[in-house]
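Asks: Residue numbers (our numbering), protein chains in the order written: chain A, 114 to 521; chain B, 114 to 521; chain C, 114 to 521; chain D, 114 to 521.
These aren't lab readings, by the way, just hints derived from the structure by calculation.
Please read all numbers here as calculations on a predicted model, not as lab measurements.
The reader is advised that the hints may include incorrect statements.
Which copy is meant is left open, so a pair is good if it fits within one copy or across any two.
Claimed, not checked - Below, computed lysine-lysine pairings styled on DSS-like, alpha-carbon distance capped at 25 Å:
1) 142 to 447
2) 488 to 371
3) 502 to 488
4) 123 to 225
5) 118 to 322
6) 504 to 225
7) 118 to 488
4 protein chains.
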Amino acid sequence: MTFRKTDEVKVLRDPVHADDRVEYEVIWKLINSRWMQRMRRIRQLGGAFMVYHTADHTRFSHSLGVYEIVRRMITEVPDIERALNEREKVTVLAAGLLHDVGHGPYSHAFEKVIGEDHESFTCRIIEENTEITEILEEAAPGLSHEVADVIRHKSANPLLPQLISAQLDADRMDYLLRDSYFTGTTYGHFDLERILRTLRVDNDFVVVKESGVYAIENYVMARYHSYWQIYYHPGARSFECMLEKLFQRLRDLRAEGKMPPSIPEFDALLSGEPMSLEDYYVLDEYACNYAFEVLSRGEDPIAADLASRILDRRLFDYMEDSPENREKVTAVLKQAGYDPEYYLTSDDVGQRVYIPYRVSAGNAIRVRLHGGEIKELSEASNIVQSLVKGKQLRDDRIYYPKEIRNLL
Amino acid sequence: MTFRKTDEVKVLRDPVHADDRVEYEVIWKLINSRWMQRMRRIRQLGGAFMVYHTADHTRFSHSLGVYEIVRRMITEVPDIERALNEREKVTVLAAGLLHDVGHGPYSHAFEKVIGEDHESFTCRIIEENTEITEILEEAAPGLSHEVADVIRHKSANPLLPQLISAQLDADRMDYLLRDSYFTGTTYGHFDLERILRTLRVDNDFVVVKESGVYAIENYVMARYHSYWQIYYHPGARSFECMLEKLFQRLRDLRAEGKMPPSIPEFDALLSGEPMSLEDYYVLDEYACNYAFEVLSRGEDPIAADLASRILDRRLFDYMEDSPENREKVTAVLKQAGYDPEYYLTSDDVGQRVYIPYRVSAGNAIRVRLHGGEIKELSEASNIVQSLVKGKQLRDDRIYYPKEIRNLL
Amino acid sequence: MTFRKTDEVKVLRDPVHADDRVEYEVIWKLINSRWMQRMRRIRQLGGAFMVYHTADHTRFSHSLGVYEIVRRMITEVPDIERALNEREKVTVLAAGLLHDVGHGPYSHAFEKVIGEDHESFTCRIIEENTEITEILEEAAPGLSHEVADVIRHKSANPLLPQLISAQLDADRMDYLLRDSYFTGTTYGHFDLERILRTLRVDNDFVVVKESGVYAIENYVMARYHSYWQIYYHPGARSFECMLEKLFQRLRDLRAEGKMPPSIPEFDALLSGEPMSLEDYYVLDEYACNYAFEVLSRGEDPIAADLASRILDRRLFDYMEDSPENREKVTAVLKQAGYDPEYYLTSDDVGQRVYIPYRVSAGNAIRVRLHGGEIKELSEASNIVQSLVKGKQLRDDRIYYPKEIRNLL
Amino acid sequence: MTFRKTDEVKVLRDPVHADDRVEYEVIWKLINSRWMQRMRRIRQLGGAFMVYHTADHTRFSHSLGVYEIVRRMITEVPDIERALNEREKVTVLAAGLLHDVGHGPYSHAFEKVIGEDHESFTCRIIEENTEITEILEEAAPGLSHEVADVIRHKSANPLLPQLISAQLDADRMDYLLRDSYFTGTTYGHFDLERILRTLRVDNDFVVVKESGVYAIENYVMARYHSYWQIYYHPGARSFECMLEKLFQRLRDLRAEGKMPPSIPEFDALLSGEPMSLEDYYVLDEYACNYAFEVLSRGEDPIAADLASRILDRRLFDYMEDSPENREKVTAVLKQAGYDPEYYLTSDDVGQRVYIPYRVSAGNAIRVRLHGGEIKELSEASNIVQSLVKGKQLRDDRIYYPKEIRNLL
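Here chain A stands alone, though its shape is the one from the complex:
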């Protein structure tokens, strides 16, 4: 079977990739579906937009960017181009575009509240009779499940999930470049062109030619620096901590039958029951934010206070996490009239620069040496090996209201 093309190539301007290009009608319809358009209302960065004031880019743009990198992989990397038939190509393009369609607002902070991860929602949206399911099934019966299978890492062709989700994949490549562009940090730059040029396929595995190792080392460092400069930035984490505390307070209030006015969809969210897709659909960052505005004028002083802090960006301060520090801060909070349950939170993060999976694992980064041998990246790169063996960097902190700082 053949997939229908659009009349002419659709070109969407995207500063990260110059252009995103669409030529399959099914992709064009997906982009214009309401679930994809909803992605415009969810930011790419959980809390880091509070640190980098220009970083308001959305999961919609990121999704298009992942699609575009997949598109380049399947057209510009000859080995991949040859390894896939047209149906597989359309499948992986759609999977790239839709991989985040189930994301809720404010990134991972929200997932903890809802108790269901975004990948589960993504598969439900793709397979459970939404407009997206219809578009996919109309293009080819069975396609919706094949797309979801890529996201579930269950594809018949093991190559497909590797393009979307591994350690060297279109998802990570796009977000490193995109977050770098929109935050204005230079750390996330790496040489996408060179990486694409050195990709090969070897026994159903994506591998990198030895001459591409420098570019991969750069990419690994870009990830590392982006984690510490953007995703783990204390300001970003502080914002996410406050969100968590607010939702915790709301859940407790609801359990006690004292839920203050906000928006109706918050009831479904806080009930602990599985959410319907339609309730989930409404819960974008716009709805949440409006709910915060209502809450900030509401009767519960703790919820109102936390909501105001979120709206007005009065971020919690932080110090090193230790039993003594927790104790000290708890005491001061109590003394100053704050309930530590909602005003003290810990957030411990750590990141390995790179995880050396076995060379046969789907998400290992594999290097093909000049002689043809395949090695896992940390065995092919002195730099990466040094980093893997080095000490892991950790950053364990507690967060609390800034105004008590002088009492500590």
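Starting from the known structure of chain A, fit chains B, C and D onto it as the hints suggest.
Replies: Coordinates of chains B, C and D only, in the frame set by chain A:
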């Protein structure tokens, strides 16, 4: 008197200017005020973010950018540095930062609904006892009115408004660069460094040295191309037309006592009465957007339909504006069951590349020739003169639902 | 017939185009020929490298860049891809690569000395049994003449010369971008991607879709600004004037039998006889520059002085060209002991922003309107029309040694 | 005493730093001296311009760039600004500008021939009565020796040499950025702005604030990647090997009294005697290259062949260095009629990512932790520590004519 400095220079990363730097405490407090933080919830581009999917940048970032260009003008341009005392410097920095603080959501589409322009709100917010008024008055009694006077073009020192709002000013310079960066169009680039280097002050007027004329020509062309590629893009205008029609419908429904559920603040908005600042405060793009979500599920079919189109980006189509076309589209709409009152709208735009004000007008662009003579730009630049004398470009269109296109 | 491919695509890093990509063996051999390698020893910019200290880029790089734009035109523009057979494609690729191979040192200043233009040398080098002729003929008998025919605008297929040399061609596109990158001026930027995307072929003519007009306007302005900021910069012209005067002095000395020592190839150069290709080959900027070093220590005081000025960048000063100014400077020069024959020179330049050729001329820029009609650019663009009708900018100057300035 | 300023700030466009700015008259005169202008005729990259065809940038541009970074250090870093008096500032600016003025052509390949390193020539040029000595002494008696002392690491103020030549200095910072820009590789990027912002002075030592560690890690990686991708690139090394072999041949021929014609200055170069500054002055890359052209037509077949290879970029091929490989290549060379003395060469390179000097050493990179303690970089950065402890990367190769490859 002396204005207090922050402990160390505060540096905000901004890809458009590398960094925004703050050293006055009063500026830092203004940035952290809730009215400024509200600017994070209002996009810079009215409808163009629907055409350029990465253009979600906010008025908050733009405000910081204008501040930063003003800061560079008053520190890096020796003539300006010398012409202002510290109080005037702080005044114009604050005015740059606050010049858009009264902006409502969705740019100009919203102003038509509310019947009060954003500059009026800006001055009210600065002068009417808000947190911002307090911050300014605490720094120096009388400062709030001096800042508002810059925005009203009534400053004692005529130089101040020229830095913020003329034809060659920090506001325009920032938005051209910023909109270019975030849309990914290259048209808005111009050589800010060179322009700053060639600015001089001559009898209370900002002038450009003759050697800077090329950079100014470039800037004029950048404005011209940005208008047509971004602000007047048919997709952007289509989105704004749909917003206008939705608000028109709501006003009519309210007048008939049939207003469907949305959010409480819409009632104040549609009443035709002057809005309180607190109601205005809530009306950011997040609140409006949530209201659209509620409306899209409401009982009035026209309001629900228009709200859905806005949320799902189902843009109106367009054709040239002419009596025949209006007539034809009106007939088809009626026949297809659409009320032309809410489904047909015209939008006529035109732009001169550059307006040659008298050389003595505040907003003229003045060139100082090698010999010292001051000329208005179009007399100093053959290119600009040609453009001023050339035909004005107009683009007059009507917009209507795409689905009737086949019936036309 | 089929042209042989290289084992794998050869990729040359080029910051202007990310990469230059080569896949035909004949192209690869041409790049590695000694005549092409000679291009590494001739700068792209005549005298402007004396104004922009980073602008040492060579005609070798420019030639690869022109090749790369041609390559993108014939692969990425579907209409062009379809309009050409493989032999025509290879022909136009080779013509793009070789179009400047006959260039002498220091751009146009040198052509005046030698009395034969670089295009003539280019065709001789391609057709007269050099290594280049052999490479071409080995790839396909007759190919050398077909390549030269493109450069002579005599191709059987009229499309070919349009890609290399018209008003919107790979040559101009590359040098605007390249000179902008290496000088660090921003004026030469234009949106190459968009232009490529809007190119079409209509009856053997390259045309631009109406939606590309903004990008073309930008390109026309980029040309205009680059001319004034780079090519016509008084510093660049001053350097070229001094070169001319030095060669004039040498020619006169040789005629009188008083030629001072320099390098042997200067004798052939100054003889007025047609030069052999082998003598011409040696005369790169390295040889000339060494000759200037020898001359600067030589016995003729005027030649030694002019050569020193060139080496040490002691540029002539300038003033407006007028009979009175010429007279005044001549008088002062004589009085100060300088021979005006060698120390006063005029250089009058002028440039139209764009020349509106007939729409049927090979080098017109043609726009295809939405309805299909073809118009010449200035009829399709208000901006360009204004510029064409406006006054032409001229800059007529005389140049003389800086040290007499105080006597004027 | 006060140093004279130029009438207005002189601004030289430089894409690497936007602008290079000069305001001291003594600096302006140095830039315009013939020894500095000679730097325009010596490329920044020894052999790498043969690999990266756009990398023709010169030591003149690099010198201006180093000057510019020093200028920013002494004006924008408050601690450094305060630590130096005006004379020290002018001294270190001049030292930054002049640090490479004694460089000969083709980087380090040439130093081996001449037997005197470029730093020695630099100090001679600064101190031995050249135009440069005069300019410095005229500005302030004794200044020439103070400038040379900075280059010799003998300054009274130990801060001065740290700015020019340490592991984190203006020289390295400029060449990483510059070589990255002109080669088009992205590997050399690092965040200069952030590094400048986090520099402090602590007990006469330049230190970096802890919050700048990420930027320094990035800088260290940029150096590492630039070494392998640019400076140690096999193509670059091959070119330098051929240069060495050619000079070795010429020295041997001269010793035997069989020196073929080239240029007179080669005689002084090959004599083994210390060179006069005037002979050295002439020996720029232009003179050498012309000499190669003469040699390539000369009578000694080996010198002629090697010179042709250099001119036409027929690079030697390479393989791993090992006793067996040397033996094998030697045998094949002899058999094919090549003298291994001039056609086989080894080149062994290795680089540590970073060298952890003692914290008290001038060229250590020092980090000041939040608490005030000073640590050497590898103790403050897990990443750098991992790299220091990891295996050193080495690349040991032999180089030989490509045409014998098939015989191996």
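Asks: Should residue 502 paired with residue 488 be assigned to within, between, both, or neither, using CA atoms and 25 Å as the limit?
Replies: Both: 17 Å inside a chain and 22 Å across chains, each within 25 Å.
Asks: Measure nothing new, just compare the shortest in-copy and cross-copy C-alpha distances for residue 488 and residue 371 to 25 Å and report within, between, both or neither.
Replies: neither (59 Å within a copy, 54 Å between copies)
Asks: Between copies, within a copy, both or neither: which fits residue 504 and residue 225 at Cα up to 25 Å?
Replies: Neither: 29 Å inside a copy, 42 Å across copies.
Asks: Measure nothing new, just compare the shortest in-copy and cross-copy C-alpha distances for residue 118 and residue 488 to 25 Å and report within, between, both or neither.
Replies: neither (40 Å within a copy, 31 Å between copies)
Asks: How would you classify residue 142 and residue 447 at a CA-CA limit of 25 Å: within, between, both, or neither?
Replies: neither (55 Å within a copy, 28 Å between copies)
Asks: With 25 Å as the alpha-carbon cut-off, assign the pair residue 118 and residue 322 to within, between, both or neither.
Replies: between (33 Å within a copy, 21 Å between copies)
Asks: At most 25 Å between alpha carbons: which applies to residue 123 and residue 225, within, between, both or neither?
Replies: neither (38 Å within a copy, 34 Å between copies)
Hint check: violations occur at hints 1, 2, 4, 6 and 7; the rest are consistent with the structure.
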